[in-house]
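Colleague: Let the sequences and hints guide you as you build the complete structure.
What the sequence shown shows, in the working numbering, is residues 1 to 570, in sequence order.
Quick caveat, the hints were computed from the structure, so don't treat them as lab data.
C-beta: ideal position from N, C-alpha, C; glycine also.
Keep in mind that a hint or two might mislead.
As the list claims (entries may be wrong) - Using C-beta positions, here's what the derived DEER-type ranges look like:
hint, residue 1, residue 2, range
1, Asp-532, His-132, 22 to 30 Å
2, Ser-258, Gly-41, 45 to 53 Å
3, Ser-467, Tyr-280, 27 to 35 Å
4, His-132, Ala-12, 52 to 60 Å
5, Pro-555, Gly-324, 52 to 60 Å
6, Ala-534, Val-83, 16 to 24 Å
7, Arg-179, Thr-548, 43 to 51 Å
8, Arg-179, Glu-259, 36 to 44 Å
9, His-114, Glu-75, 25 to 33 Å
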Amino acid sequence: MTSTGIRLDAPAPGWAIDADVVVVGSGVAGLTAALRCTAAGLATVVVTKARLDDGSTRWAQGGIAAALGEGDTPEQHLDDTLVAGAGLCDENAVRLLVTEGPGAVRRLIDTGAHFDTDDSGTISLTREGGHHRRRIAHAGGDATGAEISRALVEAVRTQAVRTIENALVLDLLKDAEGRTAGITLHVMGEGQHDGVGAVRAPAVVLATGGMGQVFSATTNPSVSTGDGVALALRAGAEISDLEFVQFHPTVLFLGADSEGQQPLVSEAVRGEGAHLVDAYGTRFMLGQHELAELAPRDIVAKAITRQMQAQGAENMYLDGRHFGADMWEHRFPTILAACRSHGIDPVTEPIPVAPAAHYASGGIRTDLRGRTTVPGLYACGEVACTGVHGANRLASNSLLEGLVFAENIAADIAANGADGSAPDAPTPVRDTAVDAERDGGPVPLLDPAARIQIQRIMTNGAGVLRSAESLAGAAERLEAIRADERKAAVPGVEAWETTNLLLVARVLVAAAAAREETRGCHWREDRPDRDDAAWRRHLVVRLTPGRTLNIRPTPSATFPPTVTATPLEP
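Modeller: Below you can see the structure in the form of structure tokens.
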């Protein structure tokens, strides 16, 4: 087992608790894993960066995809997923998702989630981009994530699962054999503990969500700073497909200078019949794809961007005026309220929209049981790369992936040694898992002011439109920030987050530069064609002990097993 010996600059843990499993993250993936581990009799601790219900799941509007409708089948769901993934999906992972998906949704309902139904009590289903059937279950019209989060949080509290809120995960602990031994974390003033501490456990599940905050404009909440991917890289785990960042086509446009989390206008609005138009009211998706506005997200985002460039416009429009007030108020109340809060009334005027960073299709590489290349470390949800999404996630597959793979992780942990006896957990090496003298000490931290610089560099150089020139410029500017990192003085949440953002930005840019083709949501203006002969394969990235990036392509589109990796030279 390889170890990078790299960790964040942070105080030594001042307190520690023991468990069988520690789950980092409180979205659909993290809470599902925690509930299933608890049900298996495992002492489980949930660590979350804000409150239990503050993760990305609560912001999901559209719904959860599964073959629940009459005439629909897992095979049809599989076909749509493979098409959206542009040749890079792991078919075994997709088959697992679509086969186990309907049962996972029913178990979610048994947990307490309430989905919208028709007058007969049957779950109401809608369509979204890339789906040839109505298979999207939704709740509260357009508040599906909020309802799922509510149900899971309530279940966690009912089962008295131990939780640590307002806590930023720092690094992985390992034992003398290089196996997972827990995590270090920092509680931010309002939690159960104060300051830096540790949760010692033989199994760690990373469900930390995405990294959208690496860009200037995103649909992700402020907590989505790539902490899980950065931790995994420092721990020696492999990352894959990070170049495939999905830009949601229809995000409420608040002005060219608007930064941070932006309001999402769900794909379900198009699924119910809204049209994309330009400032003249002309529909521009007709003839570009058989599904028009319901084409896969990468195609719609590219079409909007091209239209904006051609017309010298900053945004396009989504026209749902024909819905009428009643439909807007009952089917899309969240979106209606968000638009009106910004002075836009979808009932009487088109909604200004533009693409923004939305979802990371890549992440920490796992197998079908959620195991990473570090023994004892698991990952699920957006932080993971299971092979399901390939080069572009199919709409509403993310919540389903979190459910299905979290359940598989819990089953694997329960079946492989953790038996409820927390004192038998492996002993971390010096509570830092590294020998500071041997490994050169911790990572110098960035000045938090660099966060905005990183975001603007990424938006300009590695956003929807990319080229060798733009990516080389982004890499050069990121390296200049890295060279300046020793100016940061005091460890703290903002410095840790900014340092994590720089690391994931470096990996994303390096992978995007290496992939010399256009595929899925990776769009190279200088390499506009898809090249299956050279690039129908994944890029796997690891961090060397010298903090350089080791990038290698897989031999084919099939992921290699998550077996013990060979050490990397500095």
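Colleague: Compare the structure with each hint and give your call.
Modeller: Hint check results:
With their beta carbons about 23 Å apart, Asp-532 and His-132 fall inside the hinted range of 22 to 30 Å. In this structure the supplied range 45 to 53 Å holds for Ser-258 paired with Gly-41, their Cβ-Cβ distance being about 48 Å. Separation of Ser-467 from Tyr-280 is about 30 Å and conforms to the stated range, judged on CB atoms against 27 to 35 Å. Evaluation of the 52 to 60 Å hint for His-132 and Ala-12 yields a pass: the beta carbon distance comes to about 55 Å.
A beta carbon spacing of about 55 Å between Pro-555 and Gly-324 agrees with the range 52 to 60 Å that was offered as a hint. For the pair Ala-534 and Val-83, the beta carbons lie near 21 Å from each other, so the given range of 16 to 24 Å is met. In this structure the hint that Arg-179 and Thr-548 lie 43 to 51 Å apart at CB is violated, the actual value being about 25 Å. Evaluation of the 36 to 44 Å hint for Arg-179 and Glu-259 yields a pass: the beta carbon distance comes to about 41 Å.
Taking the beta carbon of each, His-114 and Glu-75 are about 29 Å apart, inside 25 to 33 Å as hinted.
Of the hints listed earlier, the one the structure fails to meet is number 7.
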